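Participant: Taken in order, these protein sequences are the chains called G and D. Per our numbering: the first sequence = residues 28 to 355. Per our numbering: the second sequence = residues 31 to 288.
The hints are simulated quantities; they were obtained by calculation from the structure and are not laboratory data. The structure displayed is predicted, hence computed values, not measured ones. Please note that the accuracy of each hint is not assured.
[Unchecked claim] As a list, the in silico DSS-like pairs of lysine-lysine whose alpha-carbon atoms are at most 27 Å apart:
hint, chain 1, residue 1, chain 2, residue 2
1, G, 138, D, 59
2, G, 108, D, 59
3, G, 45, D, 45
4, D, 251, G, 45
5, D, 286, D, 102
[What the hints assert, rightly or not] Only part of the chain G face toward chain D is listed, based on derived beta-carbon distances under 8 Å:
hint, residue
6, 104
7, 108
8, 110
9, 114
10, 116
11, 118
12, 120
13, 132
14, 135
15, 136
[What the hints assert, rightly or not] Just a few of them, taken from the derived set where beta-carbon distance is under 10 Å, the chain D residues facing chain G:
hint, residue
16, 149
17, 151
18, 152
19, 154
20, 155
21, 161
Just so it is clear, CB atoms sit at the ideal spot from N, CA and C, and this is done for glycine as well.
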Amino acid sequence: MGIEVVVDGLTKSFGSHKVWSDVSLTLPAGEVSVMLGPSGTGKTVFLKSLVGLVRPDRGRVVVDGIDTVSCSERQLYQARKLFGVMFQDGALFGSLNLYDNIAFPLREHTKLTEAEIRRVVLEKMDMVGLAGEGHKYPGEISGGMRKRAGLARALVLDPQIILCDEPDSGLDPVRTAYLSQLLIDLNAKIDATMLIVTHDIQIARTVPDNIGMLFRGNLVMFGPREVLLTSDHPVITQFVNGRRIGPIGMSEEKDDATLALERIEAGQPVGLPALVPQLVPSAGMPERQAVHRRTERVMGLLHTLPETAQHAITAAMTHHAHHRRGGQ
Amino acid sequence: MADVAGTGALRQTGKLFALAASVIRLTFKRPFQTRELIEQFWFIASVTILPSMLVSIPFGAVITLQVGSLTKQLGAESFTGAASVLAVVQQASPLIVALLIAGAGGSAICADIGARTIREEMQAMEVMSVSPIQRLIVPRVLAASGVAVLLNGLVSVVGVIGGYFFFVFLQHGTPGSFLASFSSLAQLPDLYISEIKALIFGFIAGVVAAHRGLNPRPGPKGVGEAVNQSVVITFLLLFFVNLVLTAIYLQIVPPKGA
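Okay, chain G solo, but in the shape it has when bound:
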């Protein structure tokens, strides 16, 4: 089972530019979470600060009892072994072919024989749909393949926590859908805690158990998927609908005059699209352990959530229970 990641009061700035401040959230163990946000809101910086690649100014990130913000380098290297990180462009080693890239962590950290390494690598390559492509070099393959190879490399050491930086960028909607399914299947299989950083609304609507949103240097909200997907918060409705009308501007936030003008132009406010059911693992995959844990957790905090979210959650649970009975 995955490990919980507790983020507390995290603040980061580059010089005088504040990226985000006072971000606090908990990635529940074994669940899939998505961090949404417009381009340039520091989503990637957030992901990197969890593994200590970026040192935040203040705050804590506690993983398995280790605070990756303030711990020693030795402890950080220990803590990182719990993580698998899939970078935006795969971040494969250009001088090695895909097979050697994926075998790299095994050769560095384990004493496995080449035969054992081969077995693990081929299994992971098969898992991400790269079987038979091991001899190719990162420069010779498409962006989507690089991402999947990066994911396979992140998986070889059986991480407890998987971080994905924009798994969808540069992929067509069909491939994005396949990748979404792959992530869910992966979660069912290894029960790792997952964080996906993205601005793809399709992933946000179908994949995660929990969603957060970064905007204007703050965490707008973080909670069960139903909360954000039924929210009437102006930033969220604008983002989820992909509209121009709202607080998010082309470069930064808009001023009040533009907003007032838009309100006149806009006419009727637009609601959110209907909540779609979350993806389930493909046939033949084990059930997601996280679902049960999440049900219990969310039921516990149900009374603290907004009313629309409560309805959505109960509806989803009845649907889920019904679905399971129907399946048996």
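Fit chain D to the known structure of chain G by using the hints.
Facilitator: For chain D alone, coordinates are given in the frame of chain G:
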């Protein structure tokens, strides 16, 4: 947080020294990257051997011609060999080696590391709990230092041969007097300091190249700038360090015949 002028330069200097210190520290940490070391050694040697020989022949010749015409006027022609050996072995050779290691090897190291940095390969390596300094930088710096020491011997020999050739064939000097005067001014510590200099220069070239490669400005242009900076910074440091080492050496080891 307004920076005082010059803070940036100081910070970079500090980081450079910190990198040098971690390279030395991680050299002794297992597992040692033997394979990477051999590959880098071979690479640096292959790009520097020919150019450094081609540079050292005319260099030896120039020194001989210059010193030769001077000693001729003073009637001390028999000392040409001695002066040429001293100049080539003690000064010219380590500098030629270092300039070529920095220019040919260091720039390639910097470009390679820089390209990997902007492609996030270094960060990927770090999150896999592998230290890029131990895995990539240590073998490169050791290779640069090692090649420098070995190349220094080659350049000294080729430089002296070049000087001999021009002395004998162009200035019609006596071959015997050139060879016989070798030991009249030069002594064994000259060779030692020459090799020590080459070692230190090679180390500096490697560390500076790695440092610029690990901290490029974003984008391909940043890597280009980093390569340029690494060569310029290495050259500046080399001549300064050479001055200091020479001054110390002349204090410690008295010149022969003085």
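Participant: Does each hint fit the structure? Answer for all of them.
Facilitator: Tested hints:
1. At most 27 Å may separate the alpha-carbon atoms for a hinted pair to count; residue 138 of chain G and residue 59 of chain D meet this at roughly 18 Å.
2. A distance of roughly 19 Å separates the Cα atoms of residue 108 of chain G and residue 59 of chain D; the hinted pair therefore holds under the 27 Å criterion.
3. Distance restraint check for residue 45 of chain G and residue 45 of chain D: the Cα-Cα separation of roughly 24 Å lies within the 27 Å cut-off, and the hinted pair is therefore satisfied.
4. A threshold of 27 Å between alpha carbons decides the hint, and for residue 251 of chain D with residue 45 of chain G the separation of about 26 Å falls inside it, so the pair holds.
5. Using a Cα cut-off of 27 Å, the hinted pair residue 286 of chain D and residue 102 of chain D holds, with the two alpha carbons roughly 21 Å apart.
6. The restraint placing residue 104 of chain G at the interface with chain D holds, with a minimum CB-CB distance near 5 Å, inside the 8 Å limit.
7. Taking 8 Å as the C-beta contact cut-off toward chain D, the hint placing residue 108 of chain G at the interface holds, the least distance being around 5 Å.
8. With a cut of 8 Å, the hint placing residue 110 of chain G at the interface with chain D holds, because the nearest CB-to-CB distance is about 6 Å.
9. A distance limit of 8 Å between C-beta atoms decides the matter here; for residue 114 of chain G the minimum to chain D is near 5 Å, and the interface restraint holds.
10. Interface restraint check: residue 116 of chain G against chain D, minimum CB-CB distance 7 Å, threshold 8 Å, status holds.
11. Taken as an interface hint, residue 118 of chain G checks out: its beta carbon lies about 4 Å from the nearest beta carbon of chain D, inside 8 Å.
12. For residue 120 of chain G, the interface hint holds, since its Cβ comes within 8 Å of a Cβ in chain D; the closest pair sits about 6 Å apart.
13. The restraint placing residue 132 of chain G at the interface with chain D holds, with a minimum CB-CB distance near 5 Å, inside the 8 Å limit.
14. Because the closest C-beta pair between residue 135 of chain G and chain D is about 5 Å apart, less than 8 Å, the hint holds.
15. Interface restraint check: residue 136 of chain G against chain D, minimum CB-CB distance 7 Å, threshold 8 Å, status holds.
16. The closest approach between the C-beta of residue 149 of chain D and any C-beta of chain G is roughly 6 Å, which is under the 10 Å cut-off, so the hint is satisfied.
17. With its C-beta approaching chain G no nearer than about 6 Å, residue 151 of chain D sits inside the 10 Å limit, and its interface hint holds.
18. Given hint, residue 152 of chain D at the interface with chain G, holds; its Cβ is 9 Å from that chain's nearest Cβ, closer than 10 Å.
19. Hint status for residue 154 of chain D: holds, given a least beta-carbon distance of 4 Å to chain G, under 10 Å.
20. Because the closest C-beta pair between residue 155 of chain D and chain G is about 8 Å apart, less than 10 Å, the hint holds.
21. Of the supplied interface hints, the one on residue 161 of chain D holds, with its beta-carbon coming within about 8 Å of a beta-carbon of chain G, less than 10 Å.
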